[in-house]
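K.L.:
Residue numbers (full-length UniProt numbering): 1 to 172.
Honestly, the hints are just simulated from the structure, not real lab data.
These numbers were taken from a predicted model, which means no experiment stands behind them.
By construction, the Cβ of each residue, glycine as well, lies at the ideal position given by its N, Cα and C atoms.
Mixed in with the good hints there might be a few duds.
[As the list claims (entries may be wrong)] Restricting the straight-line Cα-Cα distance to at most 20 Å, the calculated cross-link-like pairs of lysine to aspartate or glutamate (DMTMM-like) are:
| hint | residue 1 | residue 2 |
| --- | --- | --- |
| 1 | Lys85 | Glu56 |
| 2 | Lys57 | Asp4 |
| 3 | Lys150 | Asp119 |
| 4 | Lys161 | Asp118 |
| 5 | Lys57 | Glu16 |
[Unchecked claim] Beta-carbon label-pair distances, calculated as ranges:
| hint | residue 1 | residue 2 | range |
| --- | --- | --- | --- |
| 6 | Met83 | Lys161 | 23 to 31 Å |
| 7 | Lys12 | Arg155 | 22 to 30 Å |
| 8 | Met83 | Arg155 | 17 to 25 Å |
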Amino acid sequence: MENDILVKKAQKGDGEAFIQLIQQYELILYRTAKRLGLKDEDIADLLQETVMIAFEKIATLKKGQYFNTWICRILLNNSYRFMKKNKPLAAMDETVLNNLSHQDFLSLELDDALNSLDDNHRIVLTLYYVNGFTTKEISEFLHESEGTIKSRISRAKKQLKNTYYLGGANLI
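Start from the sequences and build out the full structure, keeping to the hints where you can.
P.N.:
In structure tokens:
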């Protein structure tokens, strides 16, 4: 309910309300972009662009309760455009690998596992498991049927299980 009030204030030009909204969702946005396999410096640029677009277009948001979904959609659109322009992922340098903790390795394994999936499967798993969206929210968000979203989640989990669990990793 508080978000609805903040969205209405932001739509009327209240910059402070908009900043409060962004602060609530910045970690979710960062994690979403990170799970797409983007580097921190690219994520910073994409988040800045996302915030700018959201600020310019906040008046187009019809229901404040969908702010989270709306801003994540803006981020995803920006991220997809960026990824199409720039083919990603250079190999990691050995000194970086030597300084990683166990938790960092788990995160890298998860990122690697997610990056092995095609975009449709990676995004539904990221939205479902990392961001905590329901299948209904994801279906509205991606303009796909809820059955399609459930099917993609199931197929992605099966693919990861076959690839990583049977291969020795214990991610799923």
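K.L.:
Broken hints, numbered, in rising order?
P.N.:
1, 7
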